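Given these sequences and hints, build the entire structure.
The chain contents come next:
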Amino acid sequence: MKKAILLLTIFSIYSLYSQDKVIDWLNNNNITIRKTFDGSTNENKPANINFFKSNTNDYFNIDIGIKVISWEFKSKDSNRSFIFYPIIEWHKSTLEESKKDLLSVAMNSEFQFNKNLRLFLQSNFAIKRDLIKNINELSWLGQISYQGNNSRESTDFNPYLPGVSWRYSEEKGYEFMGRYYPYLGIKYREAPDFLVTDSTETFSIIFFKLYLEYWISPRTIQILVDSRFKRILNNTKIPTKNIPLSSISLNYYPWKQDALSLGFEYKNGYDPDDKYSKIELTSISLNIKF
Amino acid sequence: MPSKEEIFKNAKKFISQSSGFPSSALKANFILKKHPIMLNDSQLVDLTLKLRSYVKKFNAENTVLVSELKKSNLTVEALCELISNKIL
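Order-wise, the sequence lines are chains A and B. 1 is the number of the first residue of the first sequence in this note's numbering; add one for each residue after it. 1001 is the number of the first residue of the second sequence in this note's numbering; add one for each residue after it.
Some hints could be false.
Across the chosen pairs, the derived CB separations fall in these ranges [to be verified]:
no., chain 1, residue 1, chain 2, residue 2, range
1, A, 154, B, 1078, 19 to 29 Å
2, B, 1024, A, 96, 50 to 60 Å
3, A, 86, B, 1028, 32 to 42 Å
4, A, 84, B, 1024, 47 to 57 Å
5, B, 1085, A, 74, 15 to 25 Å
6, B, 1025, A, 154, 16 to 26 Å
7, A, 160, B, 1025, 19 to 29 Å
Keeping only pairs whose Cα atoms sit at most 20 Å apart, straight-line, the calculated EDC-like set for lysine to aspartate or glutamate is [unchecked claim]:
no., chain 1, residue 1, chain 2, residue 2
8, B, 1013, A, 153
9, B, 1086, A, 72
10, A, 115, A, 72
11, B, 1027, A, 258
12, B, 1086, A, 77
13, A, 99, A, 198
14, A, 74, B, 1061
15, A, 128, A, 273
16, A, 67, B, 1081
17, B, 1034, B, 1005
18, B, 1012, A, 175
19, B, 1070, A, 72
20, A, 74, B, 1068
21, B, 1070, A, 258
22, B, 1057, A, 77
23, A, 115, B, 1081
24, A, 209, B, 1041
25, B, 1027, A, 175
26, B, 1057, B, 1081
27, A, 100, A, 193
28, A, 237, A, 137
29, B, 1012, A, 274
30, A, 100, A, 58
31, A, 100, A, 77
32, A, 76, B, 1041
33, B, 1034, A, 258
34, A, 241, A, 201
35, B, 1034, A, 170
36, B, 1056, A, 77
37, B, 1034, A, 171
38, A, 92, A, 274
39, B, 1086, B, 1005
40, A, 172, A, 101
Since the hints were made in silico from the structure, they are not lab data. Predicted model only: the values in this text are computed from it and were never measured. Glycine residues also receive a C-beta, built at the ideal position from the N, C-alpha and C atoms.
This is the structure:
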């Protein structure tokens, strides 16, 4: 494990020095890397490799999603935009109680209006391969949110609306302060071996979630809040129908750069990636963003 | 047909309308997706559609793609040049 930490440190330092070259190469090849592209607010987070140390055991997590190409319909329409793109993701954890090794392929689509109704819709259709159990899970997610008008001169400008960027004063260079988005959506899952071996749970979930980003110190200290409330619509073997999950994280970006950050996260609720079991987790992480 | 200066001025106005960052304080080397502008994906689509409408007024055959604006290192100046090249 010491070897892994050493390699990770070397990679992190190298990534800072070679960032421009890496970004240029990714840009030229239309490649985007994130924690995930599953339609969740984790899409805004960088891919990460976390190492956890506790009294009982040490383990690591890998969460990485890659987007390599996107297609755009109605590319001459000035009122709406429709894009879709394939993605590949890998999520691995070596934690003894909830080991996972998931490889998924998905097709995402995004639709956005730009007139009076400033809504945007997102969809994610995914097939997830569990490399430990050798089984496939199928899921579809659709969600809707609202993009407020950011034009300060406009008559319908309202700083309290979702998607409006808050800014610091002129003295602080109008630096970005924060914004929030609420989402309403539905998810359908066909999950084999979810609770009982050789049995597939098929269910739909409606959800509401709130995402908030706030910089308490411009470019340096960021707070992220991700709070979701889900409700299972069908009768299933899952013990609870109401599934809340909230997380709050504090990220420190040294030297006012945005490629590397140190993060602290507290998470409480029911984990969708671990059979909706109750979790309360505190973690620190090193995040690298391209 | 607008001059290159007018196109640059209008492109900056649209960046300001989508980001809430004053156009008078925009600098050529600012990157759209990074501090201090910090446009996210939804705001970049909003900006694309504004620019698309603007380009269409002068050159109906040309358009602006979301993928062109979502490039990580796209600066204010590079965007103004892009729009200028699509119109002139």
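Results of checking the hints against the structure:
Checked against the given bound of 19 to 29 Å, the beta carbons of residue 154 of chain A and residue 1078 of chain B, roughly 26 Å apart, stay inside it. For residue 1024 of chain B paired with residue 96 of chain A, a C-beta distance near 58 Å keeps the hint of 50 to 60 Å intact. Between residue 86 of chain A and residue 1028 of chain B the beta carbon distance is about 35 Å. The supplied range of 32 to 42 Å therefore holds. At about 38 Å, the CB distance of residue 84 of chain A to residue 1024 of chain B disagrees with the hint of 47 to 57 Å.
Distance hint check for residue 1085 of chain B and residue 74 of chain A: the Cβ-Cβ separation is about 22 Å, which falls inside the suggested range of 15 to 25 Å. For residue 1025 of chain B and residue 154 of chain A, the Cβ-Cβ distance of about 18 Å falls inside the hinted range of 16 to 26 Å, so the restraint holds. For residue 160 of chain A paired with residue 1025 of chain B, a C-beta distance near 23 Å keeps the hint of 19 to 29 Å intact. Simply put, residue 1013 of chain B and residue 153 of chain A have alpha-carbon atoms about 11 Å apart, close enough for the 20 Å limit, and the pair holds.
Note on residue 1086 of chain B and residue 72 of chain A: the hinted pairing holds, with a Cα-Cα distance of about 18 Å set against a maximum of 20 Å. With a CA separation close to 19 Å, the supplied pair residue 115 of chain A and residue 72 of chain A stays within the 20 Å bound. For the given pair, residue 1027 of chain B sits about 19 Å from residue 258 of chain A by alpha-carbon distance, which is consistent with the 20 Å threshold. Between the alpha carbons of residue 1086 of chain B and residue 77 of chain A the distance comes to roughly 16 Å, so the proposed pair stays at or under 20 Å and holds.
Between the alpha carbons of residue 99 of chain A and residue 198 of chain A the distance comes to roughly 19 Å, so the proposed pair stays at or under 20 Å and holds. Distance restraint check for residue 74 of chain A and residue 1061 of chain B: the Cα-Cα separation of roughly 13 Å lies within the 20 Å cut-off, and the hinted pair is therefore satisfied. At roughly 12 Å between alpha-carbon atoms, residue 128 of chain A and residue 273 of chain A fall within 20 Å of each other, so this suggested pair holds. Straight-line distance between C-alpha atoms of residue 67 of chain A and residue 1081 of chain B comes to about 27 Å, which puts the hinted pair past the 20 Å bound.
With a C-alpha separation of about 25 Å, the suggested pair residue 1034 of chain B and residue 1005 of chain B falls outside the 20 Å cut-off, and the hint is violated. In summary, the hint linking residue 1012 of chain B to residue 175 of chain A is supported, as the alpha carbons are separated by about 17 Å, within the 20 Å threshold. Restraint check for residue 1070 of chain B and residue 72 of chain A: satisfied, since their Cα atoms lie roughly 13 Å apart, inside the 20 Å limit. A hinted pair counts as satisfied when its Cα atoms are at most 20 Å apart, and residue 74 of chain A with residue 1068 of chain B qualifies at roughly 15 Å.
The hinted pair formed by residue 1070 of chain B and residue 258 of chain A meets the criterion: a straight-line CA distance of about 17 Å does not exceed 20 Å. The straight-line distance between the Cα atoms of residue 1057 of chain B and residue 77 of chain A is roughly 12 Å, inside the 20 Å bound, and the hint therefore holds. For the hint linking residue 115 of chain A to residue 1081 of chain B, the alpha-carbon distance of about 26 Å lies beyond 20 Å, and the restraint is violated. Of the supplied pair hints, the one linking residue 209 of chain A and residue 1041 of chain B holds, its CA atoms being roughly 18 Å apart against a limit of 20 Å.
Restraint check for residue 1027 of chain B and residue 175 of chain A: satisfied, since their Cα atoms lie roughly 13 Å apart, inside the 20 Å limit. Of the supplied pair hints, the one linking residue 1057 of chain B and residue 1081 of chain B holds, its CA atoms being roughly 17 Å apart against a limit of 20 Å. For the hint pairing residue 100 of chain A with residue 193 of chain A, the CA-to-CA distance comes to about 14 Å; that is within 20 Å, so the pair holds. The straight-line distance between the Cα atoms of residue 237 of chain A and residue 137 of chain A is roughly 17 Å, inside the 20 Å bound, and the hint therefore holds.
Annotation: proposed proximity of residue 1012 of chain B to residue 274 of chain A is violated, straight-line Cα distance about 47 Å (limit 20 Å). Annotation: proposed proximity of residue 100 of chain A to residue 58 of chain A holds, straight-line Cα distance about 15 Å (limit 20 Å). For the proposed pair residue 100 of chain A and residue 77 of chain A, the alpha carbon gap of about 43 Å is over 20 Å, so the pair is violated. Using a Cα cut-off of 20 Å, the hinted pair residue 76 of chain A and residue 1041 of chain B holds, with the two alpha carbons roughly 19 Å apart.
Under the criterion of a C-alpha separation no larger than 20 Å, the hint pairing residue 1034 of chain B with residue 258 of chain A is consistent with the structure, at around 8 Å. Taken as a hint, the residue 241 of chain A and residue 201 of chain A pair is honoured in the structure, with Cα atoms around 14 Å apart against an allowance of 20 Å. At roughly 18 Å between alpha-carbon atoms, residue 1034 of chain B and residue 170 of chain A fall within 20 Å of each other, so this suggested pair holds. As the CA atoms of residue 1056 of chain B and residue 77 of chain A are separated by approximately 9 Å, the hinted pair is consistent with the 20 Å bound.
In summary, the hint linking residue 1034 of chain B to residue 171 of chain A is supported, as the alpha carbons are separated by about 19 Å, within the 20 Å threshold. Annotation: proposed proximity of residue 92 of chain A to residue 274 of chain A holds, straight-line Cα distance about 12 Å (limit 20 Å). With a C-alpha separation of about 14 Å, the suggested pair residue 1086 of chain B and residue 1005 of chain B falls inside the 20 Å cut-off, and the hint holds. For the suggested pair residue 172 of chain A and residue 101 of chain A, the alpha carbons sit about 45 Å apart, so the restraint of at most 20 Å is broken.
Comparing the model with each numbered hint stated earlier shows that hints 4, 16, 17, 23, 29, 31 and 40 do not hold.
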